[in-house]
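Chain residues, written in single-letter form:
2 protein chains.
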Amino acid sequence: MTDMLSPGATIGILGGGQLGRMLSVAASRLGFKTHIFEPGANPPAGQVADRVTTAGYEDAEALKAFAAAVDVITYEFENIPTSALDLLESQKPIRPGREALRISQDRLTEKTFLQDLGLQTAPFADITDQASLDAALAEIGAPSILKTRRFGYDGKGQARIKAPEHAAEALAAMAGAPSILEGFVNFSHEVSVIAARGVSGEIACFDPGENVHRDGILHTTTVPAKLSTGQRMDAVLMAGKILNALDYVGVLGVELFVTPQGLIVNEIAPRVHNSGHWTQNGCTVDQFEQHIRAVAGWPLGDGQRHSDVVMENLIDDDIDRIPELAREANCALHLYGKAEAKPGRKMAHVNRVVKPQE
Amino acid sequence: MTDMLSPGATIGILGGGQLGRMLSVAASRLGFKTHIFEPGANPPAGQVADRVTTAGYEDAEALKAFAAAVDVITYEFENIPTSALDLLESQKPIRPGREALRISQDRLTEKTFLQDLGLQTAPFADITDQASLDAALAEIGAPSILKTRRFGYDGKGQARIKAPEHAAEALAAMAGAPSILEGFVNFSHEVSVIAARGVSGEIACFDPGENVHRDGILHTTTVPAKLSTGQRMDAVLMAGKILNALDYVGVLGVELFVTPQGLIVNEIAPRVHNSGHWTQNGCTVDQFEQHIRAVAGWPLGDGQRHSDVVMENLIDDDIDRIPELAREANCALHLYGKAEAKPGRKMAHVNRVVKPQE
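One line per chain: the protein sequences are Y and S, in this order. Residue 158 in our numbering sits at position 158 of the first sequence, and the numbers go up by one each step. Residue 235 in our numbering sits at position 235 of the second sequence, and the numbers go up by one each step.
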């Protein structure tokens, strides 16, 4: 515990969206100040942070001043340019560390890493051109899905290949970006584990949540998920394996497909995760505070759940339902302070506390 | 619901201490920005607010600019100078309204108001000089307690009178301030009700909490309190009577003594209250969000409690216990971001979630 950051210290957060916002709020509960670094003006996180730097990731002076003003650096998204990370890391600790970012920034690296750990993934192949795509399709088959190796989220940078004759069209949609072909997995449902590892190596997991997507974006997460005791244990052990292999510090999201052949890792996210928002109203220490505790070198919460929860994302004009949702009993509102609704934009979420645990 | 303030609007908060801080965090969950007005530099609330004005209550220009920048004004403490309120009220709505402030700023006015409502209070008398004190002591008896009518909190501005011969000394301690003599009430314990009233007159109360004080400062609040079903109902009805009489909008704290002769009102506070901090980890909508909902014209949460909670205040160097408390399961930490611990200063509180409700 020698490494425990004192209250009053400042946590630097790269990214000023809703995750940074909720991290800021959690940090305040532990007596920390936060400083947001975000290229876009008036970020949602800035409304609840002590300081905001509005600058791009190529602005070395701004990055240096930011690093000088904070005690530890964390982030709300994984696609931070390497040059910025190099500069920041030379001045202050970045948690979670570089290895987690290196692996999760690239789908091919990530899947290879998972396979090397002995974890199941969807079948995949490195795609560099039409020939490699044809070869991969011959092995993996269709339907399958072509994805850019980097910078994909919420269904962006992806093209489904229903049959081999659609391969050229899908490849064109990648616009020359290095890609990966993934085989479809025949799964009954998707769950995710929000897991955390502290500076001294201790691990705590939240109960797995069951995810339902709509138009490629997370729609609901329900806890408890439909899982057997064995599956629940497997999910937690898999998350633990990943955390240890990465010497990870912070919260990690692990998405898993539930299949008759066991749990298959879909992807990992080295940060707090949308599918962990339910913890805000289901646990005494939520995923945001858990992440701050980890990066600050504090003891972790134990992940215990006191209530059943259904989290629902409010996308775009779903936000117009707020007056009605505000009247609903046991419905916790979490708005992100975004000025403008847009198609696909996450504006808020609600946590419906379904029934207390006994 | 026509009066419902839209997300993105700004709530002005007078006072930048821990209550303003936790109000800011709650406001962020509903998509509101907050703007703190506080004479002291670097207030705790400023770390989680969108804007801070550092200026005194006599600074008319600063008050005007603040009022112009916000959509509604609320406060974390009741002793706001009348001139500042006059100026602010001419520009933006202040919630809770002036009547609640007028009454709660003065112990004599408050006790008279409560008595006029048919509620029981401790015996009391207006004290202006030695003669009125002698007459009051003859009627109310000793031991009793002399208090300044205004600006008292956490045991400040009070002097106990153990026997009539100590009257002169107690009066001298008031330093000429208008005062009130209160008789001692023989009570078994103290409870408080955190009650809320919305713009359209609806009322919601949290479950009463049982308070234990130490050195004149709240030490713990425990829910559920030791109360019969009848007492619990009485407490809620009394709070409702007060809210309606004041045409109140917001959260109000009502402290009650439990006696064989029924519940006796100790005092009311027209704001979120230390004895309501347990709601942060016991309810889906806590007292801070309830207050913001009320002043923003939103529907209120229903006050339902999902867990038993013991809240403990951390005063002064109690803050050194944080590393140990952080290791405790089911113990939620709430630090206030204050730079320096001092005798009697509230630095943080913890909510121990004791057991879930069935």
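Any given hint could be a false lead.
Derived SDA-like pairs: lysine to any residue, alpha-carbon spacing no greater than 20 Å straight-line [what the hints assert, rightly or not]:
| # | chain 1 | residue 1 | chain 2 | residue 2 |
| --- | --- | --- | --- | --- |
| 1 | Y | K226 | Y | I264 |
| 2 | S | K162 | S | S132 |
| 3 | S | K342 | Y | I264 |
| 4 | Y | K342 | S | G8 |
| 5 | Y | K342 | Y | N313 |
| 6 | Y | K342 | S | P7 |
| 7 | S | K342 | S | K226 |
| 8 | Y | K241 | Y | P7 |
| 9 | Y | K342 | S | S6 |
| 10 | S | K156 | S | K226 |
| 11 | S | K226 | S | K162 |
| 12 | Y | K64 | Y | P7 |
These are computed hints drawn from the structure, not numbers from a lab.
Evaluated hints:
Restraint check for Y:K226 and Y:I264: satisfied, since their Cα atoms lie roughly 15 Å apart, inside the 20 Å limit. For the hint linking S:K162 to S:S132, the alpha-carbon distance of about 17 Å falls within 20 Å, and the restraint holds. For the given pair, S:K342 sits about 54 Å from Y:I264 by alpha-carbon distance, which is inconsistent with the 20 Å threshold. Of the pairs offered as hints, the one joining Y:K342 and S:G8 holds, with about 16 Å between alpha carbons and a cut-off of 20 Å not exceeded.
In summary, the hint linking Y:K342 to Y:N313 is supported, as the alpha carbons are separated by about 14 Å, within the 20 Å threshold. Note on Y:K342 and S:P7: the hinted pairing holds, with a Cα-Cα distance of about 16 Å set against a maximum of 20 Å. Between S:K342 and S:K226 the alpha-carbon distance is near 33 Å, which puts this suggested pair outside the 20 Å criterion. Note on Y:K241 and Y:P7: the hinted pairing is violated, with a Cα-Cα distance of about 31 Å set against a maximum of 20 Å.
Between Y:K342 and S:S6, the direct Cα distance comes to roughly 17 Å. Compliance with the 20 Å bound is thereby established for this hinted pair. In summary, the hint linking S:K156 to S:K226 is not supported, as the alpha carbons are separated by about 28 Å, beyond the 20 Å threshold. Distance check on the hinted pair: S:K226 and S:K162 sit about 29 Å apart at the alpha-carbon level, beyond 20 Å; violated. Simply put, Y:K64 and Y:P7 have alpha-carbon atoms about 23 Å apart, too far for the 20 Å limit, and the pair is violated.
Hints 3, 7, 8, 10, 11, 12 from the earlier list are contradicted by this structure; the remaining hints agree with it.
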